[in-house]
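Peer 1: Listed below are the residues making up each chain.
There are 2 protein chains.
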Amino acid sequence: MNLTEAYAAYLPAVEAEMRSLLSAGDPALTRHYALMQYHMGWLDANLAPANAPSGKRVRPMLCLLACAAAGGDPRRALPAAAGLELLHNFSLIHDDIEDNSLTRRHRPTVWALFGLPLACNAGDAMFSLAHLAFFRLPAHDVLAESALRALQVFDETCTALTEGQFLDMSFETRVDVTVDEYFAMIAGKTGALLGAAPEIGALLAGAPPEIAAAYRRFGRALGRAFQLQDDVLGIWGDETLTGKSAASDILSKKKSLPVVYALSGETAGPELQRLYAGPAFGAPDVPVVLGLLERAGAQAYVETCVGDALHEARQALASVEARVGPAAQFPLYELLAALLGRRS
Amino acid sequence: MNLTEAYAAYLPAVEAEMRSLLSAGDPALTRHYALMQYHMGWLDANLAPANAPSGKRVRPMLCLLACAAAGGDPRRALPAAAGLELLHNFSLIHDDIEDNSLTRRHRPTVWALFGLPLACNAGDAMFSLAHLAFFRLPAHDVLAESALRALQVFDETCTALTEGQFLDMSFETRVDVTVDEYFAMIAGKTGALLGAAPEIGALLAGAPPEIAAAYRRFGRALGRAFQLQDDVLGIWGDETLTGKSAASDILSKKKSLPVVYALSGETAGPELQRLYAGPAFGAPDVPVVLGLLERAGAQAYVETCVGDALHEARQALASVEARVGPAAQFPLYELLAALLGRRS
Numbered sequence: 223m224n225l226t227e228a229y230a231a232y233l234p235a236v237e238a239e240m241r242s243l244l245s246a247g248d249p250a251l252t253r254h255y256a257l258m259q260y261h262m263g264w265l266d267a268n269l270a271p272a273n274a275p276s277g278k279r280v281r282p283m284l285c286l287l288a289c290a291a292a293g294g295d296p297r298r299a300l301p302a303a304a305g306l307e308l309l310h311n312f313s314l315i316h317d318d319i320e321d322n323s324l325t326r327r328h329r330p331t332v333w334a335l336f337g338l339p340l341a342c343n344a345g346d347a348m349f350s351l352a353h354l355a356f357f358r359l360p361a362h363d364v365l366a367e368s369a370l371r372a373l374q375v376f377d378e379t380c381t382a383l384t385e386g387q388f389l390d391m392s393f394e395t396r397v398d399v400t401v402d403e404y405f406a407m408i409a410g411k412t413g414a415l416l417g418a419a420p421e422i423g424a425l426l427a428g429a430p431p432e433i434a435a436a437y438r439r440f441g442r443a444l445g446r447a448f449q450l451q452d453d454v455l456g457i458w459g460d461e462t463l464t465g466k467s468a469a470s471d472i473l474s475k476k477k478s479l480p481v482v483y484a485l486s487g488e489t490a491g492p493e494l495q496r497l498y499a500g501p502a503f504g505a506p507d508v509p510v511v512l513g514l515l516e517r518a519g520a521q522a523y524v525e526t527c528v529g530d531a532l533h534e535a536r537q538a539l540a541s542v543e544a545r546v547g548p549a550a551q552f553p554l555y556e557l558l559a560a561l562l563g564r565r566s
Numbered sequence: 223m224n225l226t227e228a229y230a231a232y233l234p235a236v237e238a239e240m241r242s243l244l245s246a247g248d249p250a251l252t253r254h255y256a257l258m259q260y261h262m263g264w265l266d267a268n269l270a271p272a273n274a275p276s277g278k279r280v281r282p283m284l285c286l287l288a289c290a291a292a293g294g295d296p297r298r299a300l301p302a303a304a305g306l307e308l309l310h311n312f313s314l315i316h317d318d319i320e321d322n323s324l325t326r327r328h329r330p331t332v333w334a335l336f337g338l339p340l341a342c343n344a345g346d347a348m349f350s351l352a353h354l355a356f357f358r359l360p361a362h363d364v365l366a367e368s369a370l371r372a373l374q375v376f377d378e379t380c381t382a383l384t385e386g387q388f389l390d391m392s393f394e395t396r397v398d399v400t401v402d403e404y405f406a407m408i409a410g411k412t413g414a415l416l417g418a419a420p421e422i423g424a425l426l427a428g429a430p431p432e433i434a435a436a437y438r439r440f441g442r443a444l445g446r447a448f449q450l451q452d453d454v455l456g457i458w459g460d461e462t463l464t465g466k467s468a469a470s471d472i473l474s475k476k477k478s479l480p481v482v483y484a485l486s487g488e489t490a491g492p493e494l495q496r497l498y499a500g501p502a503f504g505a506p507d508v509p510v511v512l513g514l515l516e517r518a519g520a521q522a523y524v525e526t527c528v529g530d531a532l533h534e535a536r537q538a539l540a541s542v543e544a545r546v547g548p549a550a551q552f553p554l555y556e557l558l559a560a561l562l563g564r565r566s
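Chains as they are written, first to last, in this note's numbering: chain A, 223 to 566; chain B, 223 to 566.
Be aware that a few hints might be false.
Stated by the list, open to error - To spell it out: a stretch of chain B is covered by chain A in this simulated footprint if at least three of its residues, at any positions, have a beta carbon under 8 Å from a beta carbon of chain A; those stretches are: (1) 348-359; (2) 377-384; (3) 547-561.
It should be emphasised that the hints constitute simulated quantities derived from the structure, not laboratory data. Treat the numbers as computed from the prediction; the structure is a model and nothing was measured. For every residue, glycine included, the Cβ atom is placed at its ideal position computed from N, Cα and C.
Go ahead and model the full structure; you've got the sequences and the hints to work with.
Peer 2: Right, here's the structure in full:
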């Protein structure tokens, strides 16, 4: 099975699992659940059925593909795959509140449309419902020990997400963020969940701990590569492809890796620190900052880090190839290539 | 063991368990965890050690007392007791954001002191950490099946909390809330967690399902009685005892049961609906509303409901008395009496 076939085979079942988790039992709660359904792209702003863009469902695919690669029946991991995607979406609903973001995927964010109190509570609800997914596992012939272990990985991931989000917010007011601090932040905010997804898939296949650990390393490295590529695109991406304005991360003074690297270097650090500590940027600042990043060699540095992360991800798969067989991991390599080959 | 002895025996261990859950591993996260420690009363507004009032810890006590009554060793249930109290406190941090509340227990709320973004994220963190408590159960000789079952009850409770909070917020803009809707709201917002606490305690004692169910009924009825008594105090309470201004629930137009009952009745309903749909209340409105509630017999109605709930709570305990022995439940009766005898 290749990646396209895997998407075709698994995605409808993941969507159905999520829809059954996010449905109101009581008509009095229809609106409460509708906020979550809106966020997922299933309803439009008038709460009529819709089919809005809702992300690539990378986390459930990682979970199911790792389960299959480790020799399990991916149907067994379906509830966990749905729970992982709901956890990701809960974090987006709250991040949008915390970052004051008005749009996501070209639509108003939940809080912008329905107000902060209901949106905050809808995020909490999605967080709870993401957990409830795991209690469906015993009906899929998963032993209590395995379900409990999967849930523990899941909740350690939730904790890491909040820690990463704290670090990210704490960077906003600082110009002395180090490269190590940056990597700790994305390890929590992006890496933890992308690592947990294939780890949980392997655990639910009944794989031994060293295989589950290899898949966790794979997912975390994939997450790092993905985030760093996103950082590059946020500064040097082609706006006709990314859909964001060019250099949007400069205008917002985002502490992405190119900026953190240059801020902490000798070449351009002092001048950049002065600029980043000063008033908000306008269009004329962009070429100045771009010049300083160029002088610091920031893009080349980050591209090297992307290469290192990709190498680590492939190494993690290679380390268990003799045990699971080379064909089993093919769609995981494909997913890595598909995510990292993007230009937007 | 009586209730005072039980508090003395268990409370320090519950506090220690919560403190160990809410501690930063990495110094970079000190401030993130400090927000949670502030909320718990362990730090003051300058983040120096403190011992501020932090609630009666009713939920962990219900859990441990039910575990003991059902024949278990309450030490076994300690992590769950800590998790239940953390869940309650997570919900308070987010409720304060959603309700725009500036003070709680005579101190600034977390969001008022540290800003909404960090506070929202600290609430999410406490939610995750509340879950992590349960993965300590296997080290306390709890079987995976029992730990998983306890966690399921816990996550169903989380979901019910968010549903109750949604209903509560949706009532704010309505004057046609029914008594049934009101009871559904408090069942989610107050009853679910107070029911889950002794239910989980009984489950962790290895009690059969019918005993766990009786303790859930007990906790839910206790929660209903407690909430309704709170509603009475919010209107007719003695402000020197409650610490709130007299009739504070009238001035805030809160849809507590006395108001919902009178709004939906024939005697005072139409006039009250007009007032509650109109502009914000000032001091001169208070006697008018009090007169209408009096005419509707609202206080007598709610006092009757409190009595019914108390009766149901005692019945639930009585229903299993022959199985667990009369002495075992004595502190649970005491806790009920202590909570419901309050005047503030």
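Peer 1: Output the numbers, in ascending order, of every earlier hint that fails for this structure.
Peer 2: 3
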